[in-house]
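Chains as they are written, first to last, in the numbering used here: chain A, 1 to 150; chain B, 1 to 83.
Check each hint, because a few of them may be wrong.
[Stated by the list, open to error] So the derived list for chain B, only partly shown, Cβ under 8 Å to chain A, looks like this:
hint : residue
1    : 56
2    : 61
3    : 80
[Claimed, not checked] The following label-pair restraints were derived from C-beta to C-beta distances:
hint : chain 1 : residue 1 : chain 2 : residue 2 : range
4    : A       : 26        : B       : 48        : 50 to 60 Å
5    : B       : 21        : A       : 40        : 26 to 36 Å
6    : B       : 48        : A       : 44        : 25 to 35 Å
7    : B       : 34        : A       : 16        : 28 to 38 Å
8    : A       : 136       : B       : 27        : 31 to 41 Å
9    : B       : 69        : A       : 42        : 27 to 37 Å
10   : B       : 64        : A       : 68        : 23 to 33 Å
11   : B       : 14        : A       : 130       : 40 to 50 Å
12   : B       : 69        : A       : 90        : 41 to 51 Å
No lab work stands behind these hints: they were computed from the structure. From the three backbone atoms N, C-alpha and C, an ideal C-beta is built for every residue, glycine too.
Residues per chain, in single letters:
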Amino acid sequence: MSIIVRLQSEIFDPGTETNAFLKANSKAGAAVTFTGLVRSEPKNPITSLTLEHYPPVAQAQLEDFAQKAITRFDLLKATIIHRYGKMLPGEPIVQVMTLAPHRRAAFEGAEFIMDFLKTGAPFWKKETGKNGEVWVAAECRDDDARKRWE
Amino acid sequence: MKILYFAWLRERLNRGEETVFPPDSVKTIADLMDWLAENDEAIALAFEKRDLIKTALDEIIVEHDTPVKDAKTIAFFPPMTGG
C-alpha cells in the first residue's frame, strides 16, 4: 500500500517511523520527512496542547491529500501520522513522509500535504497555559499556503 | 437528524451532539443553521459569524448551500487548525 494514514493519541518516535518508511524501494531516490512539534514560546509558554478531531473525516481528508500528492508529484509512497488528545511541549504532533524517484517531488509532495492538512482536516488545537485554556485561531497565512497549489 | 458540534462550538453549547427534527422548510445547511439559531439563543450567538462555521454532511466537508435532504449527520465546527 503506497498510502498510510495513522491517527493516534500515543506519542511516536520520529526516527523509528522514518527508518520504517525508508525500508527498501529500489525506484526511490529521495525521501522527505517532516515532523511538526508542540511549540511553547518563551513569551507565551504553554503547559500542554490538546487536539480535538472528527475521526472519520480526519482520516478521509488525510487519505485524500496523500492520494492527491501521489498523483500530482508521482510519489512512490506517502505516510501521514497525526496525533490527537493531550501532548506536551517538544513532543511530535504530526509526521509527513514522502518517497519519490527525485528530491523535488519528495519535497513538494510533503509541503503539499502539510499545506492542505493545516486547514483542511478536522483537527482543532487548544493550548493550556497561564491564561487557562485557549483555542488556537486559524491563521490566514495557512489558507494562503494552501491556495498556492491551486 | 443528528447534529455534531466540535471544539469551541461544543464547549460553548455544552454538548457534542443532539438529535433534531427540522421542518420541511429546511432545505439547505444554511436553512438548518437559521432554524437552529431561531430555537436556541446560544446557537444564535455561536453562529453569528457564519463564515467561521464549517460543516460536514454525512462525513463529507461541504458548503452551507448544500441540500440536507436525507442527511443522517450534520457536523458544525470552527476553522480547522491541524498540524
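Hints and how they fare:
1. 56: It holds, given that the least Cβ distance between residue 56 (chain B) and chain A is near 5 Å, below 8 Å.
2. 61: With Cβ-Cβ at 7 Å, under 8 Å, it holds.
3. 80: Cβ of residue 80 (chain B) sits 5 Å from chain A, so the hint holds.
4. A:26 <-> B:48: 50 to 60 Å: Holds, since residue 26 (chain A) and residue 48 (chain B) (Cβ atoms, about 57 Å apart) stay within the stated range.
5. B:21 <-> A:40: 26 to 36 Å: 46 Å, violated
6. B:48 <-> A:44: 25 to 35 Å: 27 Å, holds
7. B:34 <-> A:16: 28 to 38 Å: Violated, since residue 34 (chain B) and residue 16 (chain A) (Cβ atoms, about 51 Å apart) do not stay within the stated range.
8. A:136 <-> B:27: 31 to 41 Å: The hint (31 to 41 Å, Cβ to Cβ) holds, given that residue 136 (chain A) and residue 27 (chain B) are roughly 34 Å apart.
9. B:69 <-> A:42: 27 to 37 Å: Hint violated: Cβ distance 53 Å, outside 27 to 37 Å.
10. B:64 <-> A:68: 23 to 33 Å: 24 Å, holds
11. B:14 <-> A:130: 40 to 50 Å: Check failed, 25 Å falls outside 40 to 50 Å.
12. B:69 <-> A:90: 41 to 51 Å: Roughly 48 Å apart at Cβ, these two residues keep to the hinted range, so it holds.
Consistency note: the structure conflicts with the earlier hints numbered 5, 7, 9 and 11.
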